[in-house]
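Engineer: Here's the letter readout for the chains.
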Amino acid sequence: MTDRSFGYTSLLAAGLAACATVLVSAQDWKTKSPTAAEWAAMAKLPDFTGVWEAGRPPGQAAAAGQAGNAQGAAPRGQGAPAQGAAGRAGGGRAGGAPAGPQLTPAYAAKRQELASRGAEDNETANCLPPGMPGIMGQPYPMEFLLTPGKVTIVIEAYTQVRHIYTDGRPLPSDPDPKFFGTSVGKWEGDTLVAETVGFSPLTQLAANTPHSDKMRITERFRLTAPDVMTVDTTVNDPEALTAPWTSSRTLIRHRDWTISEYICEENNRNYVDAAGKAGVKLDK
Amino acid sequence: MVRRFSRLATAVAVAAFLSGNAAPVSVSAHHSFAVFDLTTQKSIDGTVKQVDWTNPHVWIWVDVPKADGGSETYGFEGMSPNFLARRGWSRTTLQTGMKVTVQYRPLKDGKPGGMLVSAKLPTGLLLTGGGAQQ
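For the record, the sequence lines run as chains S and L. Numbering (the working numbering) for the first sequence: 415 to 698. Numbering (the working numbering) for the second sequence: 2 to 135.
The set of hints was computed from the structure by calculation and includes no laboratory data. Among the hints, erroneous ones may be present.
[As the list claims (entries may be wrong)] The calculated BS3-like cross-link candidates involving lysine-lysine, where the alpha carbons are at most 27 Å apart (straight line), are:
1) Lys-121/L - Lys-695/S
2) Lys-43/L - Lys-67/L
3) Lys-564/S - Lys-592/S
4) Lys-564/S - Lys-112/L
5) Lys-524/S - Lys-458/S
6) Lys-695/S - Lys-109/L
7) Lys-43/L - Lys-112/L
8) Lys-112/L - Lys-691/S
9) Lys-43/L - Lys-695/S
10) Lys-446/S - Lys-628/S
11) Lys-50/L - Lys-695/S
12) Lys-695/S - Lys-112/L
13) Lys-109/L - Lys-67/L
14) Lys-100/L - Lys-695/S
15) Lys-43/L - Lys-121/L
16) Lys-109/L - Lys-691/S
17) Lys-600/S - Lys-564/S
18) Lys-628/S - Lys-524/S
19) Lys-691/S - Lys-100/L
20) Lys-446/S - Lys-458/S
21) Lys-691/S - Lys-524/S
22) Lys-458/S - Lys-600/S
23) Lys-50/L - Lys-121/L
24) Lys-444/S - Lys-458/S
25) Lys-458/S - Lys-564/S
26) Lys-446/S - Lys-600/S
Note that the structure is predicted; figures quoted are calculated from it, not measured.
All chains, please: the whole structure from these sequences, using the hints.
Structural biologist: The following block contains the structure:
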């Protein structure tokens, strides 16, 4: 009898322990109410406030701007998160040949297979947001909000929001796949370093290029002039890439701008069908 | 001079569209330009029937007189209102009843409409993907 009750007790204890383990691992970090000191400490951080859009620093010539964006050996290939935005603002491309991500044979084959389908468009034509890393390279502005324990990026394109937790919480070991992944950040001097893991298979590493569930993105945000921010983005994916893929983007602060809404479904007349055929609806 | 400026504005607008489209996953203003014949530019004169100041793109509907009488409504897709509003083109810049000359990349399927390259008002105001310029 004693043995039996001990057995039940052990079972109960084990069950409770298992529940507790599950709860701890599945539950997000518990946020605390910020202290006055933590609010005061915000004033010492670099001023990321305001609305930013990809562009070239005022007065900087195109070539210099592109060289400045290229950041040495960093590949700036087609599909680089920085490419389109910089190209849009500058109306030009970097001088060197586009390098792009260096893919493993398996992922090079996947890209070739996807490209060979000849799709005229992708699901963004149907208003599906691109997710990471593409969402950070849209030709629309974004706003940085700094609060104790968190950096929030309000992205105008598709009306999206990223949450980068700077309260010391760890990255999840087994994250649910998400369009933006799950991000934590820390300040290294005046640079915000964000690490992101756990991406939805519906997002792509670059055009026609899937990623594995091991993709990890490191972003380094820093002010390089009063209204100029440099964002260095490194994509690691041991299954898809033979080397980390780094690109750099310049954001310009527009003090006279506010973020607007972008409800893609409001009046979207473009579409792409399952076969990849693009179309436009004049009647709606 | 005006013509040169017009071409420049057009080039900037198209470059804005195209370079955006070249980047990752979709950096375009949300879609590709596969439905438009980018090798062709057409021009028509008409009267603004309606302006959809909406995301993800503004749509300008223009009534164009037909040779045999009556008119046909063309639809032109522009940039997003967010993008344009920051560049001098507001919700009320183009209004119903205004006469416009529209330069556009036609729809490949031959339907009446296309990608707006520019809309020019009798006042000389030129509206492009890059905004409004006098």
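Engineer: Next step is simple, just say for each hint if it's right about the structure.
Structural biologist: Each hint tested on the structure:
For the proposed pair Lys-121/L and Lys-695/S, the alpha carbon gap of about 25 Å is at most 27 Å, so the pair holds. Distance restraint check for Lys-43/L and Lys-67/L: the Cα-Cα separation of roughly 16 Å lies within the 27 Å cut-off, and the hinted pair is therefore satisfied. Only pairs whose Cα atoms come within 27 Å are accepted, and Lys-564/S paired with Lys-592/S is accepted, the gap being roughly 19 Å. For the hint linking Lys-564/S to Lys-112/L, the alpha-carbon distance of about 50 Å lies beyond 27 Å, and the restraint is violated.
Distance hint between Lys-524/S and Lys-458/S is unfulfilled; the C-alpha atoms sit about 46 Å from each other, more than 27 Å. The hinted pair formed by Lys-695/S and Lys-109/L meets the criterion: a straight-line CA distance of about 13 Å does not exceed 27 Å. The straight-line distance between the Cα atoms of Lys-43/L and Lys-112/L is roughly 13 Å, inside the 27 Å bound, and the hint therefore holds. Of the pairs offered as hints, the one joining Lys-112/L and Lys-691/S holds, with about 17 Å between alpha carbons and a cut-off of 27 Å not exceeded.
Restraint check: the Cα-Cα separation between Lys-43/L and Lys-695/S comes to about 20 Å, which is no more than 27 Å; the hinted pair holds. Note on Lys-446/S and Lys-628/S: the hinted pairing is violated, with a Cα-Cα distance of about 30 Å set against a maximum of 27 Å. The straight-line distance between the Cα atoms of Lys-50/L and Lys-695/S is roughly 18 Å, inside the 27 Å bound, and the hint therefore holds. For the suggested pair Lys-695/S and Lys-112/L, the alpha carbons sit about 10 Å apart, so the restraint of at most 27 Å is met.
Our distance criterion of 27 Å between C-alpha atoms is met by Lys-109/L and Lys-67/L, whose separation comes to about 20 Å. Simply put, Lys-100/L and Lys-695/S have alpha-carbon atoms about 25 Å apart, close enough for the 27 Å limit, and the pair holds. Restraint check for Lys-43/L and Lys-121/L: the C-alpha separation of about 13 Å stays at or below 27 Å, so the hint holds. With a CA separation close to 13 Å, the supplied pair Lys-109/L and Lys-691/S stays within the 27 Å bound.
Between Lys-600/S and Lys-564/S, the direct Cα distance comes to roughly 9 Å. Compliance with the 27 Å bound is thereby established for this hinted pair. Straight-line distance between C-alpha atoms of Lys-628/S and Lys-524/S comes to about 16 Å, which keeps the hinted pair within the 27 Å bound. Taken as a hint, the Lys-691/S and Lys-100/L pair is broken in the structure, with Cα atoms around 35 Å apart against an allowance of 27 Å. A C-alpha spacing of about 20 Å is found between Lys-446/S and Lys-458/S, which places the hinted pair at or below 27 Å, so the restraint holds.
At most 27 Å may separate the alpha-carbon atoms for a hinted pair to count; Lys-691/S and Lys-524/S meet this at roughly 20 Å. Taking the CA atoms of Lys-458/S and Lys-600/S, the gap is near 14 Å; set against the 27 Å cutoff, the hint holds. Proposed proximity of Lys-50/L and Lys-121/L is supported: the alpha carbons are some 15 Å apart, at most 27 Å. The hinted pair formed by Lys-444/S and Lys-458/S meets the criterion: a straight-line CA distance of about 25 Å does not exceed 27 Å.
Straight-line distance between C-alpha atoms of Lys-458/S and Lys-564/S comes to about 15 Å, which keeps the hinted pair within the 27 Å bound. For the hint pairing Lys-446/S with Lys-600/S, the CA-to-CA distance comes to about 17 Å; that is within 27 Å, so the pair holds.
Consistency note: the structure conflicts with the earlier hints numbered 4, 5, 10, 19.
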